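If you read the protein sequences in the order shown, they are chains A and B. Residue numbering for the first sequence follows my numbering, starting at 1 and increasing by one per position. Residue numbering for the second sequence follows my numbering, starting at 1 and increasing by one per position.
No lab work stands behind these hints, which were simulated from the structure alone. Keep in mind it's a predicted model, so treat the numbers as computed, not measured. Any given hint could turn out to be false.
To be verified - Rough simulated footprint, nothing fancy, chain A against chain B, three-plus residues with beta-carbon under 8 Å:
hint, segment
1, 14–27
2, 35–49
3, 56–67
4, 85–93
Cβ atoms here follow ideal geometry from the backbone N, Cα and C, with glycine treated the same way.
There are 2 protein chains.
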Amino acid sequence: MIQVIDDLKDALKTLPGIGEKSAQRLALYILSQDKTASNKLGEAILESVKKVNNCNICNMLTDENPCRFCSSIKRNDKQLCIVEHTADVFMLDSTGEFYGKYFVLSNLLSPIDGLGPKDIHIDELLSRINDYEVEEVIIALSPSVEGETTISYIADRLADWSGKISRLSTGIPFGGDLEYSNKITIANALKHRFKMK
Amino acid sequence: MIQVIDDLKDALKTLPGIGEKSAQRLALYILSQDKTASNKLGEAILESVKKVNNCNICNMLTDENPCRFCSSIKRNDKQLCIVEHTADVFMLDSTGEFYGKYFVLSNLLSPIDGLGPKDIHIDELLSRINDYEVEEVIIALSPSVEGETTISYIADRLADWSGKISRLSTGIPFGGDLEYSNKITIANALKHRFKMK
Numbered sequence: 001m002i003q004v005i006d007d008l009k010d011a012l013k014t015l016p017g018i019g020e021k022s023a024q025r026l027a028l029y030i031l032s033q034d035k036t037a038s039n040k041l042g043e044a045i046l047e048s049v050k051k052v053n054n055c056n057i058c059n060m061l062t063d064e065n066p067c068r069f070c071s072s073i074k075r076n077d078k079q080l081c082i083v084e085h086t087a088d089v090f091m092l093d094s095t096g097e098f099y100g101k102y103f104v105l106s107n108l109l110s111p112i113d114g115l116g117p118k119d120i121h122i123d124e125l126l127s128r129i130n131d132y133e134v135e136e137v138i139i140a141l142s143p144s145v146e147g148e149t150t151i152s153y154i155a156d157r158l159a160d161w162s163g164k165i166s167r168l169s170t171g172i173p174f175g176g177d178l179e180y181s182n183k184i185t186i187a188n189a190l191k192h193r194f195k196m197k
Numbered sequence: 001m002i003q004v005i006d007d008l009k010d011a012l013k014t015l016p017g018i019g020e021k022s023a024q025r026l027a028l029y030i031l032s033q034d035k036t037a038s039n040k041l042g043e044a045i046l047e048s049v050k051k052v053n054n055c056n057i058c059n060m061l062t063d064e065n066p067c068r069f070c071s072s073i074k075r076n077d078k079q080l081c082i083v084e085h086t087a088d089v090f091m092l093d094s095t096g097e098f099y100g101k102y103f104v105l106s107n108l109l110s111p112i113d114g115l116g117p118k119d120i121h122i123d124e125l126l127s128r129i130n131d132y133e134v135e136e137v138i139i140a141l142s143p144s145v146e147g148e149t150t151i152s153y154i155a156d157r158l159a160d161w162s163g164k165i166s167r168l169s170t171g172i173p174f175g176g177d178l179e180y181s182n183k184i185t186i187a188n189a190l191k192h193r194f195k196m197k
């Protein structure tokens, strides 16, 4: 193949979910389409990489520092919601049901992948909780193997802390079908069933 | 969301197969990973867009003009293989079974999508065949609805031309399973069965 196209393909292959074939398809698409659109894409990447950094307080991706959530005086400093990714902050925020602050771990604990306490910024999280005198921690991590490990680890590290800790409920998703749910989901839904009457 | 992240997401959404959700996921990945890798991606796009153009003779994407296939004196000028995309040239070339030249249509005829004869560069193709005194045309287009339409159209336009025309065989792919093939494939395989004895 042609070197400059190969270089583009290799750069695209670093993206998640983009393998050899997709990278080649994308590369040739980028070069086939109108040059204005492709230049715009290249510039959007460079521009955003330059402008976006992690918030010094909550660790989320942001173009201001501290981010708009951390600097908001309308949000409750005493409630802290722990998420994995910046995308989770936007998702939770879009529900309009949470008015506290966030903390982004960036990773989940995964010894197999060499991801330990440092990778989830545990020290920053503990200082954040102490420094701002947080009263309630809500752990909003995915109920996967790594998620559960991380949830337990954080709960352990906060064992002597005086505040409240909760985690998002697990169960059958809205619109989901019992028949097509997996056993663990149903077991969880049974275990955490809530009283109606 | 944050404007600069939104801009990146919108630019990524122009790529084929990348919807709203994937674009957001890619954007946040690009901004989460090491800045060097992301800058490299942005620069690879701008660099390749600057360097790569369509070959004046065969229309394929290339960083030289004419491309290495058209300027090769080792390849047979009298055999011309017609393909849809530049990627198809690389694919055919990797078989090591064809030593002629190529012509890239860039599109297939598709009246529904407003793609007519101009979009497949039919005039350039006909001049190419005349100017270089081509003796054999091999049509290597996908056997889809648009592919078949385009194959028929090109054959029609070459009806009065004196050279040979062929198209790639259709049938059950190597490693494919009869049971899981579709009816049209099997009908084609039957119709084009070849004598063994």
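Here's how the hints hold up against the structure:
Look at the segment 14–27 of chain B against chain A: 9 of its residues bring a Cβ nearer than 8 Å to a Cβ of that chain, three or more, so the hint holds. Counting residues of the segment 35–49 of chain B whose beta carbon lies closer than 8 Å to any beta carbon of chain A gives 14, which meets the minimum of three for the stated coverage. Only when three residues or more bring their CB closer than 8 Å to a CB of chain A does the claim for the segment 56–67 of chain B stand; here the count is 3, and the claim holds. Given as covered by chain A, the segment 85–93 of chain B passes the check, having 4 residues with a CB less than 8 Å from a CB of that chain where 3 are the minimum.
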